[in-house]
Amino acid sequence: MFSCRDATELMTDEGEGALRGGRRALFRLHMFICGHCRAFRRQVGDAVTLAKEIPTDELPPDAEHRLVEAFRARRR
Amino acid sequence: MQPPGPAEHGAQPAHEDAGLVSRLRAGDEATFRSLVRELHRPLTRVAFAFVGSQAAAEEVVQDTWLAVIDGLDGFEGRSTLRTWIGRIVVNRAKTRGVRDRRSVPFSSLSPDEDGPVEPDRFGPQGFWRAPPCAAEVPEELILRKEARAHIERELESLPPAQRTVVTLRDLDGWTSEEVCNVLDVSETNQRVLLHRGRTRLRAALERYHSGKTT
Numbered sequence: 001m002f003s004c005r006d007a008t009e010l011m012t013d014e015g016e017g018a019l020r021g022g023r024r025a026l027f028r029l030h031m032f033i034c035g036h037c038r039a040f041r042r043q044v045g046d047a048v049t050l051a052k053e054i055p056t057d058e059l060p061p062d063a064e065h066r067l068v069e070a071f072r073a074r075r076r
Numbered sequence: 001m002q003p004p005g006p007a008e009h010g011a012q013p014a015h016e017d018a019g020l021v022s023r024l025r026a027g028d029e030a031t032f033r034s035l036v037r038e039l040h041r042p043l044t045r046v047a048f049a050f051v052g053s054q055a056a057a058e059e060v061v062q063d064t065w066l067a068v069i070d071g072l073d074g075f076e077g078r079s080t081l082r083t084w085i086g087r088i089v090v091n092r093a094k095t096r097g098v099r100d101r102r103s104v105p106f107s108s109l110s111p112d113e114d115g116p117v118e119p120d121r122f123g124p125q126g127f128w129r130a131p132p133c134a135a136e137v138p139e140e141l142i143l144r145k146e147a148r149a150h151i152e153r154e155l156e157s158l159p160p161a162q163r164t165v166v167t168l169r170d171l172d173g174w175t176s177e178e179v180c181n182v183l184d185v186s187e188t189n190q191r192v193l194l195h196r197g198r199t200r201l202r203a204a205l206e207r208y209h210s211g212k213t214t
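The listed protein sequences derive, respectively, from chains A and B.
Its first residue numbered 1, the first sequence is counted upward by one per residue in my numbering.
Its first residue numbered 1, the second sequence is counted upward by one per residue in my numbering.
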């Protein structure tokens, strides 16, 4: 039997195109009938969307300056 | 016009990096600067997974850039530029990890044993007993920033391998192929790490939502 636990474990495989054949069909059927698992999937997506909004770490300006200086000196 | 040939026989990268690489070889500082900015976070995360300290990771990345500057002419374009740079980071970080006796092979930072959801949320047949809440992410700016801060804290507390894979894939937009090549993990292992990491972020979001409703 294909359970909710199975579905939660296979979400990323499905998203990455790694689910094939019967497993994929069962997964899709399950998602069609199970609102809780759809909510779970949407929440994973929401968490990823929020993660994408995390601002990138800045390189300290002096470190960047040193690297550009090195680039200038060595690529001349 | 050059005849087409296998990339490994020339020093001409055959894909979309070609323009970037030729600008770098020509000494274009603006290109170099933007590449350094773009790759700072992913490379530091990669290094951190092997050296275990932020300061050591940053040193490894700085040293890598010097090696990149010197090695640019030898880049053959058999991988993407960032995969090539990422491999240099990994090799240096491993060496550094051994020197500092912090060496942790990436594969041993492997998937934890827990599933993506606490086991008691499912009944004996594996169907939801305590289903996920259906709350939406707030649109309002301040609340959204608050939710994002929860996600960021959880990301920082993930095991290093998961944190690295989620950062590269979801925050910095690397492909699974690039991540596998840089970290030298299998497709399957990469997917497991990504899944574990993402589902832990989901759990953090759920805790945020339930904190709002109680």
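I should point out that these hints are in silico values taken from the structure, not numbers from a laboratory.
Just so it is clear, the structure is predicted and the values come from calculations on it, not from any experiment.
No residue lacks a Cβ here, since even glycine has one placed at the ideal position from N, Cα and C.
Treat the hints loosely; a few may be bogus.
Claimed, not checked - Which residues of chain B face chain A? A partial, calculated answer using Cβ under 8 Å:
(1) 34
(2) 36
(3) 74
(4) 75
(5) 77
(6) 78
(7) 122
(8) 140
(9) 141
(10) 142
(11) 180
(12) 181
(13) 189
(14) 191
(15) 198
(16) 201
To be verified - Listing some non-contacts, in silico: residues in chain A with all C-beta distances to chain B over 12 Å:
(17) 17
(18) 25
(19) 28
(20) 29
(21) 32
(22) 41
(23) 60
Verify that the Cβ of residue 28 of chain A lies farther than 12 Å from every Cβ atom of chain B, and report whether the claim holds or is violated.
-> holds (17 Å)
Hey, does the residue 141 of chain B contact hint survive, CB to chain A under 8 Å?
-> The hint is violated - residue 141 of chain B has no Cβ within 8 Å of chain A, the shortest such distance being about 11 Å.
Status of residue 17 of chain A, Cβ more than 12 Å from any chain B Cβ | violated (9 Å)
Using Cβ atoms only, decide whether residue 75 of chain B comes closer than 8 Å to chain A, and label the hint accordingly.
-> violated (13 Å)
Evaluate the condition: distance from the CB of residue 25 of chain A to the nearest CB of chain B exceeds 12 Å.
-> holds (18 Å)
Beyond 12 Å from every chain B Cβ: check whether that's true for residue 60 of chain A.
-> At roughly 9 Å from the nearest Cβ of chain B, residue 60 of chain A sits no farther out than 12 Å, so the non-interface label is violated.
Is the hint on residue 181 of chain B kept, meaning its closest Cβ partner in chain A is under 8 Å away?
-> violated (16 Å)
Please verify that hint: residue 36 of chain B, Cβ, nearest Cβ of chain A, below 8 Å or not.
-> For residue 36 of chain B, the interface hint holds, since the closest Cβ of chain A sits about 6 Å away, which is under 8 Å.
Proposed interface contact between residue 189 of chain B and chain A, which counts if any beta carbon pair is under 8 Å = violated (12 Å)
Should the interface hint for residue 34 of chain B be scored as holding, given a Cβ-Cβ cut-off of 8 Å against chain A?
-> For residue 34 of chain B, the interface hint is violated, since the closest Cβ of chain A sits about 11 Å away, which is over 8 Å.
Answer holds if the nearest beta-carbon of chain A is closer than 8 Å to that of residue 78 of chain B; otherwise answer violated.
-> violated (22 Å)
May I ask you to test the interface hint for residue 122 of chain B with respect to chain A, counting a Cβ-Cβ separation under 8 Å as satisfied?
-> holds (5 Å)
Violated hints for the displayed structure, listed by number in ascending order: 1, 3, 4, 5, 6, 8, 9, 10, 11, 12, 13, 17, 22, 23.
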